[in-house]
Structure formats: structure tokens, C-alpha cells
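One-letter residues, chain by chain:
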Amino acid sequence: MFALISLIKIVIAVVVLLTAVAYTVWLERKVVGRMQNRWGPTRVGPFGLLQPMADGIKFLFKEDLTPPHVYKPLFIAAPMIAVIFALTSIAVIPIGNTVTVGGITTPLEITDVNIGLLIVLGITSIGVYGVALAGWSSNNKYSLLGGLRASAQMVSYEVSLGLSLIGVLIVCGTFSLRGIVEAQSGHFWGFLPKWNIFYGGQFIAFFIYLVSAYAETNRIPFDLPEAETELVAGYHTEYSAMKFAMFFMAEYANMITVACLASILFLGGWSGPLFGPAWLQMILPVFWFALRIFCFLFLYIWVRGTLPRFRYDQLMAFGWKFLLPLAIANLVVTGLVVALKG
Amino acid sequence: MLHLILFLVFGAFCVAGAVNLLVQSHPINSALSLIAVMVSLAVEYLLLGAEFVAAVQVIIYAGAIMVLFVFVIMLLNAGEEEKTRGSRVAIIFGVPSVLLGGALVAWVLLRRSGTAAVAVGALPGDPKSVSMLLFQNFLLPFEVTSVLVLIAIMGAVVLAARPEQAQPRKKA
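Residue numbers (my numbering), protein chains in the order written: chain V, 1 to 342; chain P, 1001 to 1172.
Treat the hints as calculated values from the structure; they're not laboratory data. As the structure is a prediction and not an experimental result, all values here were calculated from the model. Note that the Cβ used here is the ideal one computed from N, Cα and C, for glycine as well. Careful, some of the hints might be misleading.
[Unchecked claim] Within a straight-line C-alpha distance of at most 25 Å, the following computed SDA-like cross-link-like pairs (lysine to any residue) qualify: (1) V/321 x P/1162; (2) V/321 x P/1064; (3) V/341 x P/1131; (4) P/1128 x V/113; (5) P/1128 x V/170; (6) V/72 x V/245.
[Claimed, not checked] What follows is a set of in silico ranges between Cβ atoms, one per label pair, in the way DEER data are often shown: (7) P/1134 x V/44: 55 to 61 Å; (8) V/141 x P/1069: 17 to 23 Å; (9) V/76 x P/1105: 38 to 44 Å; (10) P/1158 x V/272: 53 to 59 Å; (11) V/320 x P/1136: 30 to 36 Å; (12) V/242 x P/1022: 33 to 39 Å; (13) P/1133 x V/280: 43 to 49 Å; (14) V/104 x P/1138: 41 to 47 Å; (15) P/1069 x V/278: 50 to 56 Å; (16) V/294 x P/1162: 48 to 54 Å.
[Claimed, not checked] Coverage of chain V stretches by chain P, computed from C-beta distances (three or more under 8 Å per stretch; other residues unrestricted): (17) 103 to 117; (18) 129 to 143; (19) 146 to 156.
Please model the entire structure based on the sequences and the hints provided.
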């Protein structure tokens, strides 16, 4: 029974995640289009809503080129590594309270482990290999530079990302993502939700997390690994068809994971007003959670449509000389606040 | 039962990765084998109930240190290593020493360790007990190690810095 429920949850999670990935791409094209005074996709279906489907079919039927000079085993493995680790991290992310269907009550996540946050960090840190190995195995200077930039950038920003999360851990006292959400229930002074972002210096931690997460997911303004003006397409220059689509899926799945983590760690997860009949009270937390994720994804796209790209030395200087000291200072202050409060 | 099977499977994985690390002639394949070893070790920790140690193993070794290894191999664009027959000294002294060491470890494990079985998760493995051990019982060794690491970092900086350049170099 347990195995069956888990299997159903895994299937649902993967399907929902992949659909979300496809429609994030659609959303990005639509929103960036409007920001640049264009329409974005309009031809396939109403509002271009079937565009992701058309893209998927195109990717499947395109010729899958493997250039002769690549190192084949890693060239084929790299996109798989990227997409597998991007999809796996969703396993420990809770998206709501428990649901009861047909007398069976089950929490809304594939598995609840007491080190959930560390597992997400571990899985995403292995995801770097997809990009790095793609760059190396392509045997092409642009790809290699893209892969090198990606691995240097991800290692650098992972440090401040990890340090920014420790403040939250100090406040909540648990690694379990569900526990962190539960620690944020209630209100400050009766009206302000008791979200971590409002606690002490955690606003700074939120800022650090967001910036480092943008760098970790290789998004503008940190998309140096695939900077098309200098590197053609960076690490995925030599990839075509479904292998290219895998990198694309991995990037967007990582964006969604980042948004999930940000909502859980800083914005109270799925908390929100509950009303109506029992079935509505079951669905509403998921809705509030999805709303937060949508806001984060919109912010991603907004930033993409607004900011120019960093120069590489600026990127490194910003990470090591600004974000890292700030994260350490925030950590010390948070520790002091919690210690003084007792 | 499933635990035991998984433990043996990942143990075999670990050993196979370690052997592959030595056999491969291309540095990047060796580095990837080492990552496989690290990850299987993490799974073994997980199966023994030490979840925190497992997660830290993946984050630090597989996620950070090995990325730097791969980074350096990519940066230097290291090619295939040449295969040699190895030195005679290593064969005469190395192989017997390895056998002797292995036998010693096996003997100690079989004879000197307690024979009572320990349930999974019975030993301290959660974050709280690990940090209690680290920051209370073993605080002094921990701090001494941190000083040691600091000295190593400074040594690396001194060795890597070019003496003739006065102003700091621009990062590439």
C-alpha cells in the first residue's frame, strides 16, 4: 500500500513538474514578449497555449546530431545527469498539508525526511556535473569555456547560498522542510505572518539566497555560461534535438525548485487563509504555495527582461567580496539575536 | 533484508568505482569514478542511519571538492595518461604491505570489535548529536583542525602567488 501510494505520488509529481516546466517556458516567452512590446507565441492554440506541445514534438523529431569530435560517453551522459538531478530534488519538497482521498491520508510530498534541506542542496550540487561535463565532452572551445564558467560560478555562489540558509535553520531549528514551514505558523504581534523573512536579519538572507539562486540556475544576469554574444551558446553549443531540450528542462526545473525552496524557507510555505468546505481547505494550501511559486517565476522572467548581463570578473567579485561577507555577517547577527532571545 | 542487499550492492559499487579509478587512463574518467565512490559511500552512511553524515558527504565531497577536481582537469585539458608497468619497489614492498594491512584490519574487525549487533540508527547520527560531539566533546581538536586548514590555505596562497607582481591580478 505504501509503495503504491508512493508510486502514484511520484508519477503525479513528475507529470506536474514537467508540465510546469513546459508552461514556464511559455510564460517566459509571453511575458518577455510583452515587456519588449511583442506578442510572444500566438499561433498554436488560444494565446499560444499549445506552443509547449508543439515545441516538444519539434524537439522529438529533430535530427539528433552527434559531432564526430566529441567524447561520446560523457557527451550523451551529460544532459541526462543535468535533467535527472534537476527532477530528483522535487522528491523531498512538500507542496501542502496532508490530503485525504478515499479514507487514505497522505502528506503532499513524495517522502518526508528529517534532512530534507540538505538533500535538496546535495542533489543540486551534483547537478553541476551535467553542465561541466557537457562543456568538456563537446571538445569545443566555446563549450569548454561555458562549462568552466558554470562550474566556477556554481561553486562560488553555492557558498553564499548555503550560508544564507543557515540563518533560517538557526531560527527554525530543523532541517526538515515540513518542520520549517510548521515553525513559521502564527503571527508576530497578531497581524504580521510569522514568516522567516520578517525575522531579524532574514530579509538580507532572503536577498542573498535569491541572488545566489539566480547564479546557481545560470539565469540572467548571471547567464555567463551560455552568454550568446561571446560563447555562441556556451556549454550546449554542440547539442541538438532532445539532448538540448534536456538542458532546457533542467534549467527550468531548477528554477521551480529554487522557487519552492524560497517559499518554504522564507515565505511560510503553503500558509494562507483557509475557508469553505473540507475539500476546499485541502486544496487551498496547494493553491497558496503555487501562487508563491508563480510570483517567483514571474520575478525570474521580469529580471531577465530588465537586467543586462554581468561581466565575468564582476560576477566573481560580487560573489566573493560582497555576498559572502554579507552572508557571514547575517549569520553572526542571527545567531546573536536567537541566543539573546534565549 | 532489503537494507542488507542495498548495503552490499552499494559496497560493491564503491569498490568497483575505486578500482576503476586506478584502471582508467583518462583523468576525467578517474575523477568521475571517484565521484561514484563518494556517492556510494554516502548511500552506505544513509543505510547505516547516519543521514546527516551522508548528506554532508554528498554536498562537500561530491558537490564541492570533486567539482574543483573536474574543473582543474578541464582547465588544464589533461589528456590520456601513459600506462607504465609500475616501479619494482612498489610491487616488491607495496603488494605484500597492502595484503598485510588488509589482513590486520580484518583481524581487528573480527576479533577486537564487539560482536553484539547494533540496530540501524542506534548510534548517534542525527545533526544534533553530531554537533554535540563536534562542538562539546571534541571542541579542541575541531578548533585545532580549523587552524590547520587555515595554515594550509595560506600556504597554498603563498605558493601560488607570483612574487614579481605587486598589485593583485585580475581574475580570469
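Okay, the hints, checked on the actual structure:
no.: 1; hint: V/321 x P/1162; result: holds (22 Å)
no.: 2; hint: V/321 x P/1064; result: holds (20 Å)
no.: 3; hint: V/341 x P/1131; result: holds (21 Å)
no.: 4; hint: P/1128 x V/113; result: holds (15 Å)
no.: 5; hint: P/1128 x V/170; result: holds (12 Å)
no.: 6; hint: V/72 x V/245; result: holds (18 Å)
no.: 7; hint: P/1134 x V/44: 55 to 61 Å; result: holds (57 Å)
no.: 8; hint: V/141 x P/1069: 17 to 23 Å; result: holds (21 Å)
no.: 9; hint: V/76 x P/1105: 38 to 44 Å; result: holds (39 Å)
no.: 10; hint: P/1158 x V/272: 53 to 59 Å; result: holds (55 Å)
no.: 11; hint: V/320 x P/1136: 30 to 36 Å; result: holds (32 Å)
no.: 12; hint: V/242 x P/1022: 33 to 39 Å; result: holds (35 Å)
no.: 13; hint: P/1133 x V/280: 43 to 49 Å; result: holds (48 Å)
no.: 14; hint: V/104 x P/1138: 41 to 47 Å; result: holds (46 Å)
no.: 15; hint: P/1069 x V/278: 50 to 56 Å; result: holds (54 Å)
no.: 16; hint: V/294 x P/1162: 48 to 54 Å; result: holds (51 Å)
no.: 17; hint: 103 to 117; result: holds (count 3)
no.: 18; hint: 129 to 143; result: holds (count 5)
no.: 19; hint: 146 to 156; result: holds (count 6)
Every hint from the earlier list agrees with this structure, and none is contradicted.
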